[in-house]
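Visitor: From first to last, the protein sequence lines are chains V and C.
Mind the numbering: the first sequence is residues 1 to 454 in our numbering, read in order.
Mind the numbering: the second sequence is residues 455 to 660 in our numbering, read in order.
Everything labelled a hint here was simulated from the structure, so no lab data went into it.
Take every hint as true, because none was put in to throw you off.
Label-pair ranges, simulated between beta-carbon atoms:
id	chain 1	residue 1	chain 2	residue 2	range
1	C	611	V	313	55 to 63 Å
2	V	394	C	556	32 to 40 Å
3	V	359	C	485	28 to 36 Å
4	C	634	V	340	45 to 53 Å
We treat Cβ as the ideally placed atom computed from N, Cα and C, and that holds for glycine.
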Amino acid sequence: MQVIGYNAGCSKELNLMEKLGILTDAAKYDVACTSSGVERKGDGKSIGNCVSAGICHSFAGDGRCISLLKILLTNECIYDCKYCLNRCSNDVPRATFTPDEICHLTMEFYRRNYIEGLFLSSGIIQSPSFTMELIYLTILKLRTVYHFNGYIHVKAIPGADAELIRQTGFLADRMSVNLELPTAEGLKNLAPNKHRKNILTPMRQIQNGITANQNELVLYKHAPKFVAGGQSTQMIIGATPETDYQIMSVAQGLYNKFELKRVFYSAFVNVNHDSTLPSPVSGPPLLREHRLYQADWLLRFYGFQANELLDESRPFFNVMLDPKEDWAVRHLELFPVEINKAPYAVLLRVPGIGVTSAQRIMRARRSAKLSFADLRKIGVVLKRAVYFITCEGRTMYPIHLSEDSIVRELTSSQNRIRFGSDGMTYKQMSLFDDEKFQIPIDPFEQYRTVVGQI
Amino acid sequence: MYLYRCEDTLEGIFTAIYRVYEDKRSADEVLISVSEEYLLFYTEVVVTTDYNRSMKVARTLRKKFGEEDYLFICYALASSEEDKAQAVFRTIAKGIRDSVGVHHLFDAMADQYVNRAYKLGNAASRECSHLRGFLRFQECEGKVLFAKIGPHHDLVPFLMPHFADRFSMESFIIYDEVREKMGMHIPGKGWYMASAVPENIEEAAS
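The following block holds chain V by itself, in its conformation from the complex (with noise of 0.2 Å):
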């Protein structure tokens, strides 16, 4: 299938596999890859439905789990941001899908269960309405001539015509405006062409236009769903010295005020080598991405508040603990807590507790007495609960509640090298203490955070 790029500029004749390869590898910086939140069965009328969970279906080069078919609809852009690969002064080649080809490739690997649904986003031709519309008429086709009814997540483009954000809602199962940079200075310094109202201003509609929609479904629950699964943003990290504090403070006031499903943090990447950006001599921030992920879940899901995990005096991450274990060593007259009499919010908050266990255990405790044998069949991870809680009165082992001891015992002693001289006063560190100094991160660790288990 051979097709001309849409912009005069450029006339060079490319398959669809070629174009196909160019737009999936412009579109893996965008790291939403998520299909979860929204649940809607097959209608017998068209091919697909949606399930909840979300699933996983596939494993990008880089390791990462990808569910959807993450391309561009174009990697021809008119502006110039100075992290993209695909800003209009790099020379890249550039390629353009037609609405058909799209289709007919989201069809074909679903068919075959590849993928869960599609993620579409672009580069801006023209302007942001043009783009925004010829978004819209593909996700219409797809929708209406293609029958789709799988999941659809697609990017707003800041600056697009109020009216077509909200015609693409109603196609659309989740819609995601970038933030990309957590301060409007930031934003100015690296992107000139985009502004921060122009971002906030579609993320605000799709709010509204949700909460207006969940009112219309009471009424009559027959209505056209708007946007289902909820908005999305990203941020990109490591490109601008924003602390981990003011990024934890912006995330929390994205979800309080814009009521967003989830807040995506992307390391920075230095792909253009440009001069005024930072160029870390370690590579990208990835230790820093996972705090910060495993912060938005102490956010999302375990009750926490950011100034509870980072305040002014302290506004970055520490490198040894995760969030959670460092809260608790910092409060230790909150701990030991009883496992046979504490609420779930106390639960959550010890080290070695997710959402599960403390689910589970608050399950099993109303028909018998938990101890520490039931507790490690439960699925807690007693290696770090130990040390904050007791079981009818009892702690496993004979603890000593102080900072320094609890601490070397929570780290390995290959991470044990910031005591201070005299081998037993722990000192806190930070990220930018030492830029060198970078932990690799344990894969289980890792699964754990994600399925919120911490």
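Fit chain C to the supplied structure of chain V, relying on the hints for placement.
Guide: Okay, now just chain C, sitting in the frame of chain V:
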């Protein structure tokens, strides 16, 4: 001590449970087994599978414990572990004795049998989710989609409803090569199970 020996199918195990309650035996003196192993000091009772009785048990379980817990019991019984029948039986007996109510059958995770049944069900349910995500179809002649799997648990009956709903307009076959069973779906006519031998696959596709 009584050993109720039954067939390794859902209907077989449910029939055995029916028989235990029909014979008014206490849960502590009964062992339900799907294997052929002989045990000393046990009086053996051979259970012939009775579809109607197994359906009665299924209805009672659904009513007493709810659809979600019932589905979890079915997952646990799809496992290939030998002690699955005993673990599920003791879980159900405890649930009935303690009148746990709907959605609370697997609460008492401290109990060894409930824990075991839960772990078996969880393993099966996880593999099912894994298969839902990673099963791949290839298109054969006549636009039939064909997928081959080799799972640890007997999961084709759990996969078929999901794919029948998702691909309601497609004909597809999911073939379990370990158990030589397959599920077939025809648009407009629903899905059904059949046993399959490798040579028959190509015929079935057309």
